[in-house]
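Undergrad: From first to last, the protein sequence lines are chains Y and S.
Numbering-wise, the first sequence is residues 534 to 1098 according to my numbering.
Numbering-wise, the second sequence is residues 534 to 1098 according to my numbering.
Mixed in with the good hints there might be a few duds.
Since the list gives no way to pick one copy over another, a pair counts as held whenever it fits inside one copy or between any two copies.
[Unchecked claim] Keeping only pairs whose Cα atoms sit at most 30 Å apart, straight-line, the calculated DSSO-like set for lysine-lysine is: (1) LYS692 - LYS617; (2) LYS621 - LYS753; (3) LYS994 - LYS621; (4) LYS994 - LYS753; (5) LYS691 - LYS867; (6) LYS898 - LYS1032; (7) LYS1083 - LYS684; (8) LYS1064 - LYS1083; (9) LYS684 - LYS1048; (10) LYS691 - LYS621; (11) LYS753 - LYS1036; (12) LYS607 - LYS684.
What the hints contain is simulated information worked out from the structure, not anything from laboratory work.
Protein chains: 2
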Amino acid sequence: MPPINRCLPALRCLRLVDNAAQRQSLRPLTRIARPTIRHHQSRLHHTQAEASSSASTADNAPQSPPATSKPEVKYTSESYPNIKRNSKFKELSADDVQYFKDLLGNESAVVDGVTKDASAELEGFNSDWMRKYRGQARLVLKPSSTEQVSKILAYCNKKLLAVNPQGGNTGLVGGSVPVYDEIVLNLSRMNKIRSFDDVSGILVADAGVILQQADEHAAKHGYIFPLDLGAKGSCQIGGNVATNAGGLRLLRYGSLHGNVLGLEAVLPDGTIVDDLSTLRKNNTGYDLKQLFIGGEGTLGIITAVSIICPQRSPAVNVAYFGLESYENVLQAFKESKKHLSEILSAFELMDVGSQHLYRNATGAKLPLEGEYPFYCLIETSGSNSDHDSEKLNAFLEHVMSEEIVADGVVAQDETQLQSLWACREGISEASQHWGGVYKYDLSIPLPELYDLVAECRERFKSNGLMGETDDHPVKDVVGYGHMGDSNLHLNVAVRRYDKAVEKALEPWVYEWVQKRQGSISAEHGLGLAKKEYVGYSRSETMLRLMKQIKDVYDPNGIMNPYKYI
Amino acid sequence: MPPINRCLPALRCLRLVDNAAQRQSLRPLTRIARPTIRHHQSRLHHTQAEASSSASTADNAPQSPPATSKPEVKYTSESYPNIKRNSKFKELSADDVQYFKDLLGNESAVVDGVTKDASAELEGFNSDWMRKYRGQARLVLKPSSTEQVSKILAYCNKKLLAVNPQGGNTGLVGGSVPVYDEIVLNLSRMNKIRSFDDVSGILVADAGVILQQADEHAAKHGYIFPLDLGAKGSCQIGGNVATNAGGLRLLRYGSLHGNVLGLEAVLPDGTIVDDLSTLRKNNTGYDLKQLFIGGEGTLGIITAVSIICPQRSPAVNVAYFGLESYENVLQAFKESKKHLSEILSAFELMDVGSQHLYRNATGAKLPLEGEYPFYCLIETSGSNSDHDSEKLNAFLEHVMSEEIVADGVVAQDETQLQSLWACREGISEASQHWGGVYKYDLSIPLPELYDLVAECRERFKSNGLMGETDDHPVKDVVGYGHMGDSNLHLNVAVRRYDKAVEKALEPWVYEWVQKRQGSISAEHGLGLAKKEYVGYSRSETMLRLMKQIKDVYDPNGIMNPYKYI
Chain Y
534 MPPINRCLPA
544 LRCLRLVDNA
554 AQRQSLRPLT
564 RIARPTIRHH
574 QSRLHHTQAE
584 ASSSASTADN
594 APQSPPATSK
604 PEVKYTSESY
614 PNIKRNSKFK
624 ELSADDVQYF
634 KDLLGNESAV
644 VDGVTKDASA
654 ELEGFNSDWM
664 RKYRGQARLV
674 LKPSSTEQVS
684 KILAYCNKKL
694 LAVNPQGGNT
704 GLVGGSVPVY
714 DEIVLNLSRM
724 NKIRSFDDVS
734 GILVADAGVI
744 LQQADEHAAK
754 HGYIFPLDLG
764 AKGSCQIGGN
774 VATNAGGLRL
784 LRYGSLHGNV
794 LGLEAVLPDG
804 TIVDDLSTLR
814 KNNTGYDLKQ
824 LFIGGEGTLG
834 IITAVSIICP
844 QRSPAVNVAY
854 FGLESYENVL
864 QAFKESKKHL
874 SEILSAFELM
884 DVGSQHLYRN
894 ATGAKLPLEG
904 EYPFYCLIET
914 SGSNSDHDSE
924 KLNAFLEHVM
934 SEEIVADGVV
944 AQDETQLQSL
954 WACREGISEA
964 SQHWGGVYKY
974 DLSIPLPELY
984 DLVAECRERF
994 KSNGLMGETD
1004 DHPVKDVVGY
1014 GHMGDSNLHL
1024 NVAVRRYDKA
1034 VEKALEPWVY
1044 EWVQKRQGSI
1054 SAEHGLGLAK
1064 KEYVGYSRSE
1074 TMLRLMKQIK
1084 DVYDPNGIMN
1094 PYKYI
Chain S
534 MPPINRCLPA
544 LRCLRLVDNA
554 AQRQSLRPLT
564 RIARPTIRHH
574 QSRLHHTQAE
584 ASSSASTADN
594 APQSPPATSK
604 PEVKYTSESY
614 PNIKRNSKFK
624 ELSADDVQYF
634 KDLLGNESAV
644 VDGVTKDASA
654 ELEGFNSDWM
664 RKYRGQARLV
674 LKPSSTEQVS
684 KILAYCNKKL
694 LAVNPQGGNT
704 GLVGGSVPVY
714 DEIVLNLSRM
724 NKIRSFDDVS
734 GILVADAGVI
744 LQQADEHAAK
754 HGYIFPLDLG
764 AKGSCQIGGN
774 VATNAGGLRL
784 LRYGSLHGNV
794 LGLEAVLPDG
804 TIVDDLSTLR
814 KNNTGYDLKQ
824 LFIGGEGTLG
834 IITAVSIICP
844 QRSPAVNVAY
854 FGLESYENVL
864 QAFKESKKHL
874 SEILSAFELM
884 DVGSQHLYRN
894 ATGAKLPLEG
904 EYPFYCLIET
914 SGSNSDHDSE
924 KLNAFLEHVM
934 SEEIVADGVV
944 AQDETQLQSL
954 WACREGISEA
964 SQHWGGVYKY
974 DLSIPLPELY
984 DLVAECRERF
994 KSNGLMGETD
1004 DHPVKDVVGY
1014 GHMGDSNLHL
1024 NVAVRRYDKA
1034 VEKALEPWVY
1044 EWVQKRQGSI
1054 SAEHGLGLAK
1064 KEYVGYSRSE
1074 TMLRLMKQIK
1084 DVYDPNGIMN
1094 PYKYI
């Protein structure tokens, strides 16, 4: 990574904007058309690493070591010995396999042991990409139509064969791979764009369409898919909706609960739910599709999605700055909403520890010369680059003259834009630099968001587990995340994994979040990893009501068992 | 109303913008800070009139005549003789009344017949403001806490006393007043703002807070409530959420399904659903609150709402123009999204017939001299008035030079802005000008949206019911609505109500909408008025699944009976 400090103008120069000579030395803000595929690989890595999540949520779950070799992936049944196979589920028989082969054809039913290739292929469907979860499915089905999905589920429901719905298998909490021998129902062959309305921006597509392809299709018409995340090159929009993925555009475009206009889904008994509306307004009864958004495949399988795509912004600007306190961060966020209002598309927070981690792990020079306890990254996206730059400059001048922001830089070309984003996106990968990391993905009301990091640091200081010398397991406690969405990533960087550290962290972190009515899973869902901890974010009443819904839709419990609530 | 044509610059001058003399004669676009309360009264009238809806949905339902005197309001039980009182519901006893008085105090339990005042007060709770529906409730309860609501419902559920939840009673489909002797549970005493987060813009408030008060509270902090509608001065946010109100800001800020972050609600058995999250991201289980959004009080009663408020826009511009075809309207809408993108806040459609109706009824001069088959109103709202004007000008120059738009004007001050809005908002009131009107509030996919109006007109021409002479019942068929939301108001202006007209309209209109997978109720909900017609927008499967949900939450069916699905 190239050092970027020298090529970026210091924002403090903006204070002297009346000085003609100084102003001439300032390069004008450059408007950058953001490429469709923006550092996709690093994002994928980053987001997924962020989600490897609380090491201690499963004591035996493997933590990726900082080394390079891939560890042998334990079966989930070994990592979670408390989860027993539900004996009510039937084991797969030759007759069952024959039924599915007759229905789908040989190529769309991958059976274990038939050939060496088939077994290797099965392994890919059984394991998550983090190599943290590994199931024992002996059959993968790849239907190519909603009717086929319906027939598969009706058969499974009747025979009590458990089913694991699977999209791009990029999930982060073990929701997308089987625990035992659940049949994997993979949506990848249902991958057609059904329609795109050029005037309204409404896209209707099969669930198995890759997110990036959906976005590229929208881009051809001048629109943007209202969701963006690191795994966009392999995740599927059906899986995105099923997990209510949050991602990078939520601050600007809102959640899938607002943007998804309709769904087609298949219930466990084979019923096709035909709710694939393309209307923005439709007040004719309960909005049942919402249950499937974030239902993680436990109520049925989403087979198609109708979604409204906003206008694509041709102009993108990125700024990075240092601040003296979290109070200042809050003020800067508030001012950014005021000044940048309709063009603000990202407001990211990084504390100094997270930036040190990034610098130490990558050798990159940080954008600012001075050191500050907090850093923020702001992105604007708008339809007019001159207007956007003017708004951004006015905002920056304001926050600097009011001493809300201490120093900052603005990207002038795509390379600089990427470098600034790397300071935020590179943290997660860097967080294991000292040996390992305990990670939490949390929602906390903004005013208290950073308190958790500060208190956690104090906790490790006072219990003697954190220090500069190697006899202390904890090296540092850092915080960063999607400030605009109140989404904090708490990272405890350690020299080695240690039961004492885990005991100090849990249930303390969850209790802390619970007291502030936060969420123990901001955007990654529950899956297998968070199932046991949902009580910290949801009351007994809510859990009872959720179980009631599950019983209504899936009385036999065949859909994605052992997970969720 | 002042004629505004002379004081507004004709947009065709914009073509000659290089001509210095011409340009000087153009007054610059004026940026107007939109007042918090914008022609509220006329809006209320307008929106409510729009919703008086398909006259033929209830043959006996009174249609407001063009005359001034108020008709005697029939009991709903007389207007809808097919609906019988459900005999399983208990009739109110003295013991019941005593229980509620002990619980709430005398003042919060209004009982029929106790005093003359009480009886008059009861009449207000029994009738909707359109004077179209009239119930026979003998008791109105006004709890002041969630706990009281819980105790009331638990008691009613046990005793099988039916309950009619009521907010501001501004509903348009008969959902907010009883049909028979259901107890009215009015939320008006639960009217406190619980919290407002100045940084995130998240408002938490009791369900009984008036929409306008919620918006004014947000405005004090520089935010805007993400919903705006004509009845804002009297409707309550709990009722807005319960009916999934659409309103004027949906195009810009999206639906309540995306903006409501949390709810507190009470189930029929008294269970308090504590889902009052203030988090933008919270992926911990089924999003049950969504069922209550648009559930119209049939599953439980919303007692508090948490909602995210966007930044308030200080600059507002309005333009009005004429177009030669619906194809041009579609193109103009597409271009407006491209050019105005993040600042577009309204795109309204009016056909020439609707503008003639408005002119004939009010005597107002229309903004443009020439006559065009279609007119559009565009509003922009942004944070920088210079930028917004520049974007709007660029858009207008483009659509005029491309001959998408034939002529147009831009408001230069608040009076002109109001006058332009009046051309859209005055239609509904004007639609009864010739004697009466049959009205439909529909969602139709944009490309076909206006076809319904054209086909309906042809229908009445060919069946001989429409003509210029008085022996024809139909005077004109006009269309207008929220183009940006695909929301059409089809109005059949008649000289007199006539069974032959009704027979030509229904079920033809509903079948037409059904074929295009449109919605028979875009934003007003089902209530009593649309209950029988929901099958035109929802499949048997969907209706079965909805009834399943109703049975889960309200097995005794005490909540808002006789309505919805």
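Undergrad: When no copy is specified for LYS753 and LYS1036, does a C-alpha distance of 30 Å or less occur within a copy, between copies, both, or neither?
TA: Answer is neither; intra-copy 52 Å and inter-copy 46 Å both fail.
Undergrad: Can you tell me if LYS607 and LYS684 fall within 30 Å by alpha carbon in one copy, between copies, both or neither?
TA: Cα proximity of LYS607 and LYS684: none, with 33 Å in one copy and 52 Å across.
Undergrad: If the cut is 30 Å between Cα atoms, do LYS684 and LYS1048 qualify within a copy, between copies, both or neither?
TA: between (46 Å within a copy, 27 Å between copies)
Undergrad: At most 30 Å between alpha carbons: which applies to LYS621 and LYS753, within, between, both or neither?
TA: Result: close neither inside a copy nor across copies, 49 Å intra and 59 Å inter.
Undergrad: Checking LYS994 and LYS621: alpha-carbon separation at most 30 Å within a copy, between copies, both or neither?
TA: neither (50 Å within a copy, 66 Å between copies)
Undergrad: Should LYS898 paired with LYS1032 be assigned to within, between, both, or neither, using CA atoms and 30 Å as the limit?
TA: Neither way: LYS898 and LYS1032 sit 35 Å apart in one copy and 80 Å across, limit 30 Å.
Undergrad: Which holds for LYS691 with LYS867 at a C-alpha limit of 30 Å: within a copy, between copies, both or neither?
TA: neither (55 Å within a copy, 49 Å between copies)
Undergrad: Could you place LYS1064 and LYS1083 in one of the four classes (within, between, both, neither) given a Cα distance threshold of 30 Å?
TA: both (14 Å within a copy, 28 Å between copies)
Undergrad: Reference check for the pair LYS692 and LYS617, CA-CA at most 30 Å: within, between, both, or neither?
TA: within (20 Å within a copy, 44 Å between copies)
Undergrad: Tell me, please, which holds for LYS994 and LYS753 at an alpha-carbon limit of 30 Å: within, between, both or neither?
TA: Result: close neither inside a copy nor across copies, 54 Å intra and 42 Å inter.
Undergrad: If the cut is 30 Å between Cα atoms, do LYS1083 and LYS684 qualify within a copy, between copies, both or neither?
TA: both (21 Å within a copy, 28 Å between copies)
Undergrad: Could you place LYS691 and LYS621 in one of the four classes (within, between, both, neither) given a Cα distance threshold of 30 Å?
TA: within (12 Å within a copy, 37 Å between copies)
The structure fails hints 2, 3, 4, 5, 6, 11 and 12 (numbered hints given earlier, in ascending order).
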